[in-house]
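Number of protein chains: 4
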Amino acid sequence: MPLTPEQTQEIEAARANPRPTLRAVSEGMEAHLYRAHEVLDHGFVRVVDYMGDDSAIVQAARVSYGAGTKHVSNDEGLIRYLMRHWHSTPFEMCEIKLHVKLPVFVARQWIRHRTANVNEYSARYSILDREFYIPAPEQLAAQSTINNQGRGETLQGEEAARVLEILKSDAGRAYDHYEQMLSQEGQSGLARELARMNLPANIYTQWYWKVDLHNLFHFLRLRADSHAQYEIRVYADAICKVVADWVPAAYAAFEDYRMGGATLSGKALDCVRRMLAGEAVDQENSGMSKGEWREFRALLDEG
Amino acid sequence: MPLTPEQTQEIEAARANPRPTLRAVSEGMEAHLYRAHEVLDHGFVRVVDYMGDDSAIVQAARVSYGAGTKHVSNDEGLIRYLMRHWHSTPFEMCEIKLHVKLPVFVARQWIRHRTANVNEYSARYSILDREFYIPAPEQLAAQSTINNQGRGETLQGEEAARVLEILKSDAGRAYDHYEQMLSQEGQSGLARELARMNLPANIYTQWYWKVDLHNLFHFLRLRADSHAQYEIRVYADAICKVVADWVPAAYAAFEDYRMGGATLSGKALDCVRRMLAGEAVDQENSGMSKGEWREFRALLDEG
Amino acid sequence: MPLTPEQTQEIEAARANPRPTLRAVSEGMEAHLYRAHEVLDHGFVRVVDYMGDDSAIVQAARVSYGAGTKHVSNDEGLIRYLMRHWHSTPFEMCEIKLHVKLPVFVARQWIRHRTANVNEYSARYSILDREFYIPAPEQLAAQSTINNQGRGETLQGEEAARVLEILKSDAGRAYDHYEQMLSQEGQSGLARELARMNLPANIYTQWYWKVDLHNLFHFLRLRADSHAQYEIRVYADAICKVVADWVPAAYAAFEDYRMGGATLSGKALDCVRRMLAGEAVDQENSGMSKGEWREFRALLDEG
Amino acid sequence: MPLTPEQTQEIEAARANPRPTLRAVSEGMEAHLYRAHEVLDHGFVRVVDYMGDDSAIVQAARVSYGAGTKHVSNDEGLIRYLMRHWHSTPFEMCEIKLHVKLPVFVARQWIRHRTANVNEYSARYSILDREFYIPAPEQLAAQSTINNQGRGETLQGEEAARVLEILKSDAGRAYDHYEQMLSQEGQSGLARELARMNLPANIYTQWYWKVDLHNLFHFLRLRADSHAQYEIRVYADAICKVVADWVPAAYAAFEDYRMGGATLSGKALDCVRRMLAGEAVDQENSGMSKGEWREFRALLDEG
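Chains as they are written, first to last, in full-length UniProt numbering: chain A, 1 to 303; chain B, 1 to 303; chain C, 1 to 303; chain D, 1 to 303.
Simulated from the structure, these hints should not be mistaken for lab results.
Hints should not be assumed to be uniformly reliable.
A pair counts as met if it fits within one copy or between any two copies, since identical chains are not told apart.
[To be verified] Pairs of lysine-lysine, DSSO-like flavour, derived with a Cα cap of 30 Å:
| id | residue 1 | residue 2 |
| --- | --- | --- |
| 1 | K168 | K267 |
| 2 | K290 | K267 |
| 3 | K168 | K290 |
| 4 | K241 | K267 |
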């Protein structure tokens, strides 16, 4: 259960009191506010605040381009145009603030996206809770034999059982020792900032993470991608659903141009042109390396 | 008159329809929303959107510092503590979006603050309006004789009249020529992106500018300072008034620690200690250069 | 002539004294150091300093990916792989510092790229030189009739002559008045920070601009593009030549994947697949708008 | 021993071949290049590359302020002036690239400074080494009883022994299990990206970290401060020594104005003025809270 009863009560209280505002309101987002979307075994993502909606993107674009935008018939078309031509600043005019609970090793990947604001729970000041990510059996994957950063088949039988047993017992023991070191009963008690070093990377932490829509899309493109590690991808997927309700037109454009799209190199474009002209193109006459050609063929065959 | 009737109507329309939201609401800020605060002869600042309030700062700090913040008795005290100890991330959890109309030479100073999002009216796409900043007579200052970046006495009589005449007539002529070059009557008409190069730096532009509260405070500390150029300082002053209504506790802490405070060097601190111990300290035995000593004495005598 | 004799002498002096260093050295870049590449009528770009080379990119990637990178046979292949998969952090390990002299309206576009460090000549402190960008006759283009941000045919005959005459005489008069307002002969002299407002946007300014290679590539992709305004594109083109000599492998990958490549939407990819399967696809059954379809067809027909 | 023989050999090889360059060279920094400064039990900091020196700061400032800087008699005086008046952009013109080996819990604090470029060793791609930070006995501190984020007395006797035993044995067991889960002997072997979650926060990681001098000073001010956690402070201290050799004038100014200096609030400044005028000021009539007053008195009594 990711939420404590205290947290659930806080969420209900926060949702009980709508107040009038003159700001842009996204109905789709209001339905999400404060509610926790469960992710992994103890994690969650929830929207704490937001700024702007699809119209705010259009409004900012019209300030920039003035009369120049009038020929685009409608907001959705303009948003698609902005996305297609990498006009990123209008998307920066929307902002979202999330409260996320996530394992430390996921947080370490996440924080590499630097253009965001973060307030993380501090283990120097406070004591972490006894909550660890233990993968579901179907997520216990072997190392990929063809991809250094990938997963292969799911572990089976005794091997899977052994791994689960290790993860659970090591986490439990590490936390017991963490508490023992901190304890001030009959001893001084180790400083929190030192005791935390004994805790493994699957312990949960939490933070407030605030980001603009352009940088959020960049994060989602990389982290909702099939090559991202599963444990961060499920967070990105949960955020995608929220964003689709918040700014439906921008999200649809993002899905088509970024998630569903692909960047072709000059060489790849050239091959496409030659193939459409009827030429038989293979790796040898493509000008691409074997790896590039494999990725290129996979892209064309994907549909 | 900075606002067109069309703009005034838009503002009234935007303010006419409060809608319910579950987000944090700052009453002080709702009163400002969309309204234009006039600055200089044709400029304005107006709040288009905001995220968060004083409580949002406290909330983010409590996520970070957990139980560690409970000993601080109240929100105001915690906010002062955060400001005093340069804990900047909780202030980053508030965001503001402004619509600003300002002369180009002011915009060029402003944009040096890079940690913000900007959508500026594009003179490539659109045609700029005939509006120029002409200083009020009391702002027509001579070059300072002691400070390379400062202003001295106000110009008087014929000299002042001549300057005003130059600024007005050059701006008018430049704009007439801008229109003539653009005109497509009986000729092709020069491209907008080229014609704009004839316009002087006192023409007005406008933009949407979005920034978090921490970076806004940094901007205000530098630009509401007495050493800032008057023409940007009046914008900073107008924003200060808005922020004071938006996040009163954070603004009060900012005023005390940043605007009203000062940073002393190690040498200056040492001099203060010696002076408090009764020693007669002058520039020669202070370890400071003449310039530093002059600034130090001015600081101590200021009150 | 963009360079003063004093500047030429400084460049020669700076190039006369090689000193030993243990740092990574790019021979291609050493040949460029300090030398001014002329751009437009009075502008230039010159390299003032740099950090790293192709090997530095590879080295950083191998720190990140450790043994995982050993299967890539060579540095060039690894760099192409990084570029193809948007692994941007290794490219951030190279840095360049440029000294650029450029018209103010170009500087205003340039500065929108915020992830860089800038020191610009200050017209508050100092007096600007009498140098203005006046377009060469073949660059005097009419407003495009089909594209709000584009140029059409070149102006001819009397219209061209009139435009040139306006640009020259307005710039000259504005500068004369600038000097008259500043003058302290027989009068106080207007403050520099005020007098500058009379100067048009084609006056030259200069700055030091420092940026990492990843962000530089982003700048070049947008500004060396055929849709960029000519007056900034010539700067981007000049920088491209420098970068090609500095980090040849990275630049080649950039050229193939970014400059020569294209991003296809999911819809566009789907059309390519259908066309390769022999289906006749036109705008009506493509799922694309007319504008998108036009751009898509142009891309396929380009070669 | 933080360095492997292979690493030592690489360093010697890298230092064996000086090459000529026309760039600014800092002799003090050349002596540091590639050499590892040992930190904690297995960590190090070493300079991999740098850009600029004290003169580069001055040169950038003179571009900005032009003739306006000529009245400052020398480079050192100008650098002190820039530091005193928070003119940060000239300091951004210097850049440093460090290779750092550090415990994960230190890396997590460090990465909160976002304005930097990072390439970290990836535990998705590669296998981490068996190296853990185990505090020296004199660093085994109790939780402070007066400060939530501080350390108190050093642990003694049995309690200290117990803590060390826990940290060592838990780390060893976690690593044994990490290896067992990864092993492909007689089993599939868990994916690296999953197995790493079992490793505690005192395991060592490493990264390349590149930052400009202004942002480095900001990092050092916070992390070389006496309130910073010891385990990150020792890294900051090691970097301070390097920077003092790289840019001696800038570092001296930083030491005086930032490390040795202090920011006084408006209230505190007022108290100083009243005290210098002979008034007896205590907490009650100071306008400050008890906490503020305590910090203020400590500052005045420090010398």
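Here is how each hint holds up against the structure:
1. K168 x K267: neither (50 Å within a copy, 46 Å between copies)
2. K290 x K267: Result: close both inside a copy and across copies, 13 Å intra and 27 Å inter.
3. K168 x K290: Neither. Shortest intra-copy (42 Å) and inter-copy (47 Å) distances fail the 30 Å Cα cut-off.
4. K241 x K267: Answer is between: at 21 Å across copies they meet the 30 Å cutoff, but 35 Å inside does not.
In this structure, the hints that do not hold are numbers 1 and 3, in rising order.
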